[in-house]
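Fit chains B and C with the ligand to the known structure of chain A by using the hints.
Next come the chains, spelled out residue by residue.
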Amino acid sequence: MVAVQKSGTFQFLVGKVNEVLQDAIGAPIRYLANWGRLYSLWPVHLETACCSVEVGAAAGSRFDMERFGALEAFGSLRQCDLLIVMGTVTRKLAPRLKLIYDQMAEPKWVIAMGACAITGGLYFDSYNVLRGIDDIIPVDVFVPGCPPRAEALLQGLVLLQEKIRKSQSLRGV
Amino acid sequence: MAVETEYVPDADKIMNVSLGPQHPGSGHFRIKLWLDGDYVVRAEPDPGYVHRGEEKMAEYRNYIQNVPHLERPVILDSCGILFPYALGVDELMGNKVPPRGQYLSVIMAELNRIISHMYFLGIYGVFMGHTTMITWAMGDREMFIDIAERIGGARVTFAYIIPGGVRNDMPDGLKERALKTCDWFDKRIQEYEKIFLYNPLFEGRTRKVGILSRDDAIRLGTTGTVLRASGVNSDIRKDEPYSVYQDFDFNVPVSNDGDSWARLWVAIEEMKESLKILRQAFTKIPDGPVRLKLGPQPRVPAGEVYTRTEAARGEMSYHIVSDGTPRPYRLKIGVPSFKNMRVLPHLLKGCHIAYSANLLEFEFLAGRIG
Amino acid sequence: MATTGQPQPQPAPQAAPATAPPPTRATELSNRVKERFPDIVVDSMKEKRLKITTSSQKMRDVALFVRDALIFDHISCVSGTDYIGKNEIEIIYFVGNLSQPELKDFVIAIAERPKRDNPVVQSLVDVWPGVEYHERETYEMLGVNFQGHPELKHLLLPEDWSDLPPLRKDYNSPGR
Ligand code: SF4
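Residue numbers (our numbering), protein chains in the order written: chain A, 1 to 173; chain B, 1 to 370; chain C, 1 to 176.
Looking at chain A on its own, in the form it has when it is part of the complex (with noise of 0.2 Å):
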């Protein structure tokens, strides 16, 4: 038993079967995930600046953000997978950011709305705005615009839910 277990051959063998299984069964069920996760997207609610009237009326009924399988923003950070920054970040909420941010569940994904969220935007020569939160955040999707429309705030979402699609790992991105 234990020679044959050292054996190379053995070893290649449960690489192969292990290979073949993975295909077989992990590629339907990260689908299965995927898919699963894509269409129950729930935004975390964190109106940090003005672009957040644009997410209420993306979330109103004219816009309907819920066709698109984002729900409202009223859950626990817990039971959130979506962060969307919606605008300025300013030097006294970026720690209040990072900390929401890691109290999320995995897996998580972020959209930075706005000029402000990209770039610090109107606000670059401020001495209380943070210019970009790539700086302490990851972000998946830009949102350009001052404010971004409704509509381009829906088109980031089906981006996000694009690049979840194509998600390879089961921890999500």
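Any given hint could be a false lead.
Said to hold, decoys possible - Output of the computed footprint for chain C on chain B, the stretches with three or more beta carbons under 8 Å from beta carbons of chain C:
#1 184-192
#2 305-314
#3 332-342
To be clear, the hints were calculated from the coordinates, so they are not data collected in a lab.
The beta-carbon is built from N, C-alpha and C at its ideal position, and this holds for glycine as well.
Leaving out everything else, chains B and C with the ligand in the frame of chain A:
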């Protein structure tokens, strides 16, 4: 219910809770609460999560470059907040804005008042757990955004009212559509009253909650809807008519109850008055140019002005100090919600924690300071 | 489109402001102030604004006079300006009034000018309780100390702010 806390709370039992900055209300604002059981013993607001240093930035930009970032602090009411700035610069320069420009700025300010109040209604409903209210209010708000978009070219940030007039003229054929929308909304408001305002469940949660007396309202320096809901007849559009407001016929809704319900009632009544103004403005609007040509970098004579207008949330004021250069020497923004914030600790004290949500209604546009 | 059309003769819908105040009101008010405090400067910023400039010692008395005798009871705004050339900081309280209908459009500005190196002034929280947060904002934005303020600490800036107060003229934004 607001209960007078006459007793001295047991210091050991007091619990310190921090509400926010991430909470299911207006996200960018924190209140520190000291609780005894579920009564609030003390409350302390902690704003500044959206402080972007606009007053300092204004000193680096000239009077025209200042327009876009000055409308951001209260973005829902972006024309209402720019109005006193334009008035102030016009006053310093001695500009006489053409009448059509004045009418257009009034139209946009009133459209923005409705848009802002509708958003307020929606968020207020969500605070109460009334989801119908947010879907209705957000949907109906879009009708007015459509009109405003055709005039100003954007959905929320118009940068429309500028020193010397307004940025551009309104398109042809908008008048009929606007009047039609006004008629439609007049009927629609009655449904709002039936379903929300006079809904027994809703009344139960808002009547006699957070009562603010007339004296306190004046003493603490509140403005706008809060002041009018406490029985003070104060509206700067009437008291100190600016632009062309003296041409219009409208009322100032005042309630004597001073509670949470009254503040909502005042907001709804104000929308009706705004519809009246809009109708008159669209029918009376004269022809002519809409702005003066000031050039990209107008020189403003040295001087100092203090202008105030009635924005959607209350008294919006600017203190502009000019030293004769193209840039303001000092520009102070007085945002209505910041003025109303002083009332929050006063009202929350002795109140049930569950009711703190409807008191947060004040803050819904606030925190957006400077 | 930019400005439309040629300036034609207009139908002149601009009715002459019907509520034009009698010119005596501002002078009347300023006379009353001057009567009580003969040595302070009173000038009008425009017809509906009165600016009283006083010393920091007199400030409290003037404020109480404006509140109790002139009945200006509603605080509208508190602003501060750093005049670096004159080595002074100007603090202005804008006070409106809601109790006298005929003076509702009037705003009185009460200004004081402490020295810039060590600006210490008296807080007016007990005169108008509404100024509490305005004074806190002025404290952190301009570094003015308000004596007698119940809770003078940071309001808007981050807790760890250790630079100069941002609205001082010698503070430069990092982006500039
Ligand atoms: S991008 Fe524009 S609208 Fe969005 S938060 Fe920044 S300034 Fe406001």
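Hints and how they fare:
Coverage of the stretch 184-192 of chain B by chain C is violated [criterion: at least 3 residues with CB-CB distance below 8 Å; count 0]. Residues of the stretch 305-314 of chain B with a Cβ under 8 Å from some Cβ of chain C number 3, which satisfies the need for three, so the listed coverage holds. With a cut-off of 8 Å between beta carbons, the stretch 332-342 of chain B has 6 residues touching chain C; three or more are needed, and the interface restraint holds.
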